[in-house]
Structures are given as C-alpha cells and as structure tokens.
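Enquirer: Protein chains in written order, with our numbering: chain A, 3 to 414; chain B, 128 to 350.
Bear in mind the hints are in silico, worked out from the structure with no lab data behind them.
Careful, some of the hints might be misleading.
[Stated by the list, open to error] Examples of chain A residues toward chain B, derived with CB under 7 Å:
hint, residue
1, A262
2, E313
3, E317
4, T327
[To be verified] Distance ranges between label pairs, derived from CB positions:
hint, chain 1, residue 1, chain 2, residue 2, range
5, A, S18, B, T254, 55 to 65 Å
6, A, S18, B, D210, 56 to 66 Å
7, A, L297, B, N132, 34 to 44 Å
Just so you know, even glycine gets a beta-carbon here, dropped at the ideal spot from N, CA and C.
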Amino acid sequence: MMDRDTWLEIFHTVLSNPLRTGLTGLSIALGIFILVVMQGLGAGLETGVKQTFGDDAANLMEVETGNAQLAFRGRKPNRRIELHNADEQAMRSQMDSVPAWSRLVYRWGSTVRYGNEQGSYGLRGVDPDQREIGQVNVTAGRFVSDRDIAQRRKVAVIGGQVLADLFPRGTKPEQAVGSLVQVRGIQFAVVGTFNQSGSRWENRSVYVPFSTAQQLFSNSDVVSRVAIGTGEASIDDTRETTTSLTGWLKDRLVVHPDDAEGVWVDNRNEQAEMYRQIFGGIRLFVWFVGMMTLLAGAMGVANIMTIVVRERNKEIGVRKALGATSGSIVAQIVQEAVFLMLISGCIGLLAGTWLLQGIAPFVEHEFFSNPRVDFRSALLALGVLIFVGVISAIGPALRAVSIRPVEALRDE
Amino acid sequence: MIELNSIRKAYQTGSQSLIVLKGIDCTIEEGELVAIMGSSGSGKSTLLNVLGLLDDFDEGSYVLNGQNMDGLSEKAAARYRSDFLGFVFQSFNLISYKTALENVALPLYYQSVPRKERQARAMAFLTKVGLADWAEHLPNQMSGGQKQRVAIARALIANPSVILADEPTGALDSVTSDEVMALLKEINSEGITIVVVTHENEIANQCDRIIRLKDGRIEGANA
Ligand SMILES: Nc1ncnc2c1ncn2[C@@H]1O[C@H](COP(=O)(O)OP(=O)(O)OP(=O)(O)O)[C@@H](O)[C@H]1O
Ligand SMILES: [Mg+2]
C-alpha cells in the first residue's frame, strides 16, 4: 500500500538526519555518476574507433600484396609482389565455397566532376558482393551488378558526401540517379547513391564496376585487393582458412614462407574479436568500478537503515502492538532503502548524462566521438540500484522483525 | 470474554529462571472494568502483556472471546491484537513525527482501510475524546493528559472488544488522571471490556473489580 502515509514515513527517515542521508546519497550518486560517465566515454571511444576504421562487416578476410623482404627461390629481396587476374581466379577456384567475394582496385584522389562542380574522391572498382561485404547502405538506385561487370559498363554509385559536394543544395538521392558525372575525365552514369552513417571516409568514395575500373584506370590486370566474406564461419575456421590461404598464396606468388610483407591475408574476424575483447574489457572495468562505488553506497544505506531501526526500536514495537505484521515492517524498511537509492541514483544518472551531453560537442576526435549514455545501461543501472537497495535493507529489516513488542514497550 | 487457567510464566536470565506468574486463574466478563494492582515487580505488566498477546506464557490456557490463544504464531497474534485488542501505555507511545490525527489513524493503516476513511474515523474518535481542535498537532505540542487521550482514541479506533491499559495515569497529575479515568469509564459504559493496571487506589476504586497480584499469584478479589 503506497499511500500518503507510506511516503510520509519515507520522508521522515530520509530527512531525520539530513547530513547522514546526504553523505550516503552523495556516495550513491557518485557511483552512478562515475558509472554513467565512464560508460559514456567508453561508448565514445568505441564509436570513434569504429568510424575511423570503417564499419565494414567484421566477417571478412582481405588479401593484399606488398614488397617481399626475403630472397626466395632465386628471387631478389625487396621486390614488388602483384596479384594478377589469373592468380585471383586460381585462388578462387582452389577455395571451398565462399559466401561473398569482391575484387578491388583503388584510385585515391580521383577527380569527379558534375556540371561546374568537382572534387577529389576515392575511386573503388568492386564486384557486386562488395555491397554485402562493406555493408554499403544504398539510399537510392542500385549497386554495381553482375551485368555491369560483364559489360564493363561506365556506371557509378556515389557516396553521400560526393552528392552533397557536387550536386545543387537539397538534391535528393533519387534525383541524382540518372545524372552523368566525369570520373577521371571519363563519363559515367550515376546508377545509385549510398550513405554510411558515422563513417567519414566511405561517404567520400565512388563505386564503379571492377572490370570497368581495371580496364580504364589501371594499366595492367592487377587486383589491388580481394575481399572475401566469411559468412557464418567460426573464428577458428577463419583462422584456419587464413593460414592455408596464406600458404597457398606464398607458394603461388613465390614468397618466402617467413616473409611477412610480400602477401598477407588480413582476417578482420580476428580484429573484430580483438576490439570486442578490448571494449568488453573496458565495459567490464567500468561496471566493476561503478559497482564498487555502489557497494560502498549500499553499505551506507544499510548503515542508515540499521541506525533508523535502532532509533525506532520502541516505535516499531508500538506499531506491532497496533497490528503491524512483520511483512509490513519489512516492506517499510525496504521501501525506504530503495527510495534513498533510487533518488540518489537518479541524481547521479542525470548529472552524468548532463555532463556527457555538455562535453560531447567539444571532444570530437579521430578515435573519440559522440559519448553518450545508452538507454539500456541506464535502465540496467536503475535495476542494479533497486536490487542493491533491497539487499542493503535485508539486514536492518530482519533486525526490525525480530523486535518483540513487549521489549520495545518496556518503560525504562 | 477473558478466561485464564493456571497461567505460568518464567523469565530466563542467563542460567537462572525467574518465575513471575505462578498459576493465574481468573475470568473477566464482557463489559467489566477491572483493575490489576500489586507491588512493583509483582508481575502486573507481565500479566497484561500475556493478556495482550504481546508476550507468550509457559503453561496454562488462555481463552479470548471464545478462542484458544495457546501457541499462537506471530502472525496470528498480530491478527488477534488488531481485531480484538486496544492498548494504552503509561508513556503514551505516540509516534513523534505524526500528528494526533495520524497517530489515531495508524491501526487502520494496518487493516488496509483506505486513507479517506481512516482520516474520517480518526477525526470522529478525536472528537469523542475532546481533541478535535488538536488533530493537526504533533505529540510534543500537547500535554500529558492530551497525549493519553490521543492514545485512548488510537486504542478505540479499530473497534476492540478489550482495552488493556498499563498504568495509563502513571505519568499524569491527579486532575488529568481523573479526566482520563472518566474517559475510560465512559468507554466502558458503551460495552467495551477494560483492564487497567494501576498503583493508585483512587483509580482502582472506580473500577468494578480489583485483582491483586502478590508474588505471582492472585491474592484475593472483591467486588
Ligand atoms: N524480559 C524480562 N526478562 C527478565 N525479567 C523480567 C523481564 N520482564 C520483567 N521481568 C521481571 O519480572 C518481574 C515482573 O515484572 P513486571 O514488569 O511484570 O512487574 P510490574 O508488576 O509491572 O512492576 P511495576 O509496578 O514496577 O511496573 C520483575 O521482577 C521483573 O524484573
Ligand atoms: Mg509494570
């Protein structure tokens, strides 16, 4: 029964010793505040890192080549290793089924022109699977298709920033589809647009068919990179594939088995796993610190309630004589403790949220962006507060229950 | 209303056992106003606490309102207390941060009576004890006599069959004592059984009957 009298009694407890209540409340508020702020900073770090390293699907492997450092089978050190179309085809045919496969050629700093506007963007020749692999969010029109590849069509899918830079203000993505743009001086038809929320670099790129890009913008049949989607494969499976694929590539491209730079397979699954562990660790740490502070607060509340019960020994005896059951006494003490926890906790929560919102605009950085309190953590924190409140009330409540009315009523 | 048969009770202090009630037999009829007297330490309060289900007893039987009170659980005792019994204490035992009205209404809170009705009934009983104007006062703003009248109103509010008062006038001067006693007699005349523990002959003499305790036994009774 939560009516006015219940509240009156809660307020009496809370206000009967303002200093004691204030100090305990402060430690709880501080606990939640630290929890919220650190959690928000952790989230900011995570967002920043994700934005900087792109939000590609994590289930992928990338094959890249570089300069071999070691002499091998009569070849000199420090030689350029290249992956040609024939190597790529052989690689594909020796692999078991792969969920997604995209060749890439890059041309950084490609001039793209629309009407009188022009700018410098990243040009990416890709296969249709790139849409899945790069989790490209197509906002209008379509992505590169198999037919584009087969027919080497001059079609382009442009990023949100390209659209905003080159097209008149307020042009909608759908309106840009069908227009003609000059890419490195050659006319392409815009068949689609995309927008990667929270990704700085991707939105400054233009996707064109791999075959078209290789023919027009590269002088050879070199593949810059191959991205292989790994679908639902487990991390162990992808590790195994990475090892065997690296071995196969080194053999085919004549690279020393110990050479780390000739050709390599970048297993993003593993990176993602590492990030997961790092951020998981940060989260765990944040919760640990917050919990410890909360624990201190909870002990404070338990202490207050113990004192309250002791001071009100006689009163509790009188209440029992007047018909209070053990249940109603326990309920009262638990309500008081939970109320104290919740009020202080909410103050900490609000202060933390307020601080994070206040600093958010000033702390934008390459590895740090948009610190915030997510709703789930806030709810979880409140849940923990209620739980801890109940726990801290158990001891004092049991003590109150054990008070026998006669003993409390004895007149000294 | 109340039937005690060979009630025995001992307090255990360390290894020693102090027998306080050594076989109490007595009957109190419905509507009686009974005084319990006896020297200090004779067991008056102990007996009253047994009657009030605030304390248990070792041997014997206690029948209240036709129901046997042996081996009652805490919960059942609380239930009977709130259904049949009202208490008045020497030191009033009002809750200091609650107004007179809220103090009187408290027993109804534990019977889950809605707040509005609690307030209305509490006001009616405060009026009955002549303190309608003091409803919003805190106990420390009232005299001893007023506080005891608030306590009596609180004892009455749940419609008890029996009121148990342990030295209700022990902390009051003779004038206010008389007022309180007059109030108890008025309540008694409405049919409520009252048991009063007292040291004072003037109080005891106003009762229908005096039970004298000596050394844990009833010494004798007169009408
Ligand atoms: N909880 C207890 N533990 C041990 N002894 C007790 C306890 N309560 C009462 N006694 C003892 O039992 C005896 C009877 O006590 P009780 O309070 O019933 O006396 P009383 O007749 O009410 O006395 P008074 O007139 O002083 O109030 C006393 O000797 C007292 O010391
Ligand atoms: Mg006594």
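Enquirer: Compare the structure with each hint and give your call.
Expert: Evaluation of the provided hints:
no. : hint                          : verdict
1   : A262                          : violated, 76 Å
2   : E313                          : violated, 11 Å
3   : E317                          : holds, 6 Å
4   : T327                          : holds, 5 Å
5   : A:S18 <-> B:T254: 55 to 65 Å  : violated, 31 Å
6   : A:S18 <-> B:D210: 56 to 66 Å  : violated, 32 Å
7   : A:L297 <-> B:N132: 34 to 44 Å : violated, 55 Å
Violation of the numbered hints given earlier is confined to hints 1, 2, 5, 6, 7; the remaining hints are satisfied by the structure.
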